[in-house]
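**Student:** Protein sequences appear in the order of chains W and S.
With this note's numbering, letter number 77 in the first sequence gets 72, and the count goes up by one each step, no holes.
With this note's numbering, letter number 28 in the second sequence gets 23, and the count goes up by one each step, no holes.
Treat the hints with care, since some could be wrong.
Which copy is meant is left open, so a pair is good if it fits within one copy or across any two.
[As the list claims (entries may be wrong)] Under the rule of at most 30 Å between Cα atoms (straight-line distance), these lysine-lysine pairs were calculated in the DSSO-like manner:
| no. | residue 1 | residue 2 |
| --- | --- | --- |
| 1 | Lys142 | Lys178 |
| 2 | Lys178 | Lys211 |
| 3 | Lys44 | Lys142 |
| 4 | Lys178 | Lys44 |
In short, the hints are calculated from the structure, not lab data.
Protein chains: 2
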Amino acid sequence: MKDKHSQNGVAIALFAVLALATTIARAADPLPSWNDGPAKQSIVKFVDKVTQPTSPDFVPVPQRIATFDNDGTLWAEQPMYVQMFFVLDRVKALAPQHPEWKDKEPFASVLKGDVKAALAGGERPLMEMLMATHTGNTTEEFELIVKEWIATAKHPVTKRPYTEMVYQPMLEVLAYLRANGFKTFIVSGGGIEFMRPWTEKVYGVPPEQVIGSSVKTRFELRDVKPVLVRLPELNFVDDNAGKVVGINQHIGRRPIAAFGNSDGDLQMLQWTAAGPGARFSLYVHHDDAAREWAYDRQSSIGRLDKGLDEAKAKGWTVVSMKDDWKLIFARPE
Amino acid sequence: MKDKHSQNGVAIALFAVLALATTIARAADPLPSWNDGPAKQSIVKFVDKVTQPTSPDFVPVPQRIATFDNDGTLWAEQPMYVQMFFVLDRVKALAPQHPEWKDKEPFASVLKGDVKAALAGGERPLMEMLMATHTGNTTEEFELIVKEWIATAKHPVTKRPYTEMVYQPMLEVLAYLRANGFKTFIVSGGGIEFMRPWTEKVYGVPPEQVIGSSVKTRFELRDVKPVLVRLPELNFVDDNAGKVVGINQHIGRRPIAAFGNSDGDLQMLQWTAAGPGARFSLYVHHDDAAREWAYDRQSSIGRLDKGLDEAKAKGWTVVSMKDDWKLIFARPE
Chain W
-4 MKDKHSQNGV AIALFAVLAL ATTIARAADP LPSWNDGPAK QSIVKFVDKV
46 TQPTSPDFVP VPQRIATFDN DGTLWAEQPM YVQMFFVLDR VKALAPQHPE
96 WKDKEPFASV LKGDVKAALA GGERPLMEML MATHTGNTTE EFELIVKEWI
146 ATAKHPVTKR PYTEMVYQPM LEVLAYLRAN GFKTFIVSGG GIEFMRPWTE
196 KVYGVPPEQV IGSSVKTRFE LRDVKPVLVR LPELNFVDDN AGKVVGINQH
246 IGRRPIAAFG NSDGDLQMLQ WTAAGPGARF SLYVHHDDAA REWAYDRQSS
296 IGRLDKGLDE AKAKGWTVVS MKDDWKLIFA RPE
Chain S
-4 MKDKHSQNGV AIALFAVLAL ATTIARAADP LPSWNDGPAK QSIVKFVDKV
46 TQPTSPDFVP VPQRIATFDN DGTLWAEQPM YVQMFFVLDR VKALAPQHPE
96 WKDKEPFASV LKGDVKAALA GGERPLMEML MATHTGNTTE EFELIVKEWI
146 ATAKHPVTKR PYTEMVYQPM LEVLAYLRAN GFKTFIVSGG GIEFMRPWTE
196 KVYGVPPEQV IGSSVKTRFE LRDVKPVLVR LPELNFVDDN AGKVVGINQH
246 IGRRPIAAFG NSDGDLQMLQ WTAAGPGARF SLYVHHDDAA REWAYDRQSS
296 IGRLDKGLDE AKAKGWTVVS MKDDWKLIFA RPE
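Just need the whole structure built from these sequences, with the hints factored in.
**Tutor:** Printed below as a string of structure tokens:
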């Protein structure tokens, strides 16, 4: 009996040591949702290179700027951009105040539930819906509408809140970079005021580090109370070359690392890669039809064609969601 | 003898205690260039109120946003905006490449040294000079030009570099707020790319926290090298109501403290004051003709008229440079 107890004791002690070692290893791994492979290694290698004081590529903290596309890079963009679901829901919510929409396209199709028909007309009807649902109110009113919607709306396929359709491995990259002195920015074609109400909570990115497309606003005094009114006029389109213009406007210095997933991010990645010293450009490649969606060169949403060629030619990191990521979506809280 | 020694000993000890107490008091005073008075007290009281965890007006760190006008609030703006001196110097520097300027106003007057005549025509010739001196190059080229100019140019009256024409008491406010968890932003009518090359060194404000007026830029690939070209077209005028629009665009949340010196800052101060919780709006009043310049309601540069009335009506802090500031300009390094 005594021997058996003793053996058990040793086994328990060994198990405890192993468990502890695993915990330590996990704590030491800043990217636990990434499989070991060239993509993960390239990120860690770059961060080491620019943060170790003895490194020839050392970059002082204030210059550690990293920019991230949002749709398809930090959260899912299929079967449609999240902001598009917001537009459709807002058309339905506002319909009682617009009886004329019943007979007016593209609104009529939305109200009949025929999204495909509503979007068939291309950019013009889309812009009409955007303006009808995004403007006419004050910035504070719009912020409340977004906050309420994002807290309650669910993704049509996964039935999860959109803020849980964010990629766990990318949340880890954001946190890892910040832990290493980086300022992380979002640079998205999406609406700047559609993102700001929730990016701080979901990504740890404060409103002043969010860059996006915008409408013009007008300052007004309403009964001595100052407000900003959102006008039905485009101010800035933060996509393609616009991303570089937006980065220069908002940040005023060149990022040293940039993350995207589509041709719309290509100029941002080129701009980032073209600076002096160590540079990092990364594409997330959607190749996991089982756990997410698989799309690239032919997709109308998030097309990755020229960018994929340039990434390969220039040796940028291309992440295979299928092979490089242990899991896709954020862990439930 | 012994008594005398003993008395001396006491005196020395007393002196040491007094010296120590003075040192401690000075170290504890975050605003040593401010005379004790209602202006200084209002700043300290506000900071205490929003930072002490038990205060009913406590504000979490991420929401501690403070915005500062630049010309006349952080540095001198007389006898002319600093950027205007830059324009005139650039006209002279570029003249050899523009032989036609010899006979073309307003350039001809500048080259003859008649600044008054050059500026007499109002906004249109001014804009012509601005565009001729601020655009046509890349963002990187323009940055170098500004850096070189600001490092060498001298103020015509004081003969000091412009970056020493910054107000020491305001540098202390910037540092004091940052030490208390504030993010400090510049919100200026001046050119955003004219300020960014030096604000980090001079004010401790990094480029991404500088908001200003801007021209449009265009992304280009030059022999595969991406550049942003500065176009002769206004993008944004960050003055008056534009300051609120700019704050919303860049920061995406309302400041809790704002500092200005002219009617061009009034909407920013109104916007800041109108938010919930503790708020702080401050005007620097130029009333010190002996040490700086005295001007307000009648001045064409930095006019403070409506703003002065509103500040008094609303109980905002109005700083008398004459009475509230022990010294005006930055201490030589």
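**Student:** Give a verdict on every hint.
**Tutor:** Evaluated hints:
1. Both within a single protomer and between protomers do Lys142 and Lys178 lie at most 30 Å apart by alpha-carbon distance, with minima of 24 Å and 24 Å respectively.
2. Taking the closest pair of Cα atoms, Lys178 and Lys211 come within 30 Å of each other both inside a single copy (27 Å) and across two copies (25 Å).
3. In this homomeric assembly, Lys44 and Lys142 come within 30 Å of each other (Cα to Cα) only across copies, at 29 Å, whereas the closest approach inside a single copy is 39 Å.
4. Taking the shortest Cα distances, Lys178 and Lys44 sit within 30 Å of each other both inside one copy (17 Å) and across copies (29 Å).
When held up to the earlier numbered hints, the structure conflicts with none and fits them all.
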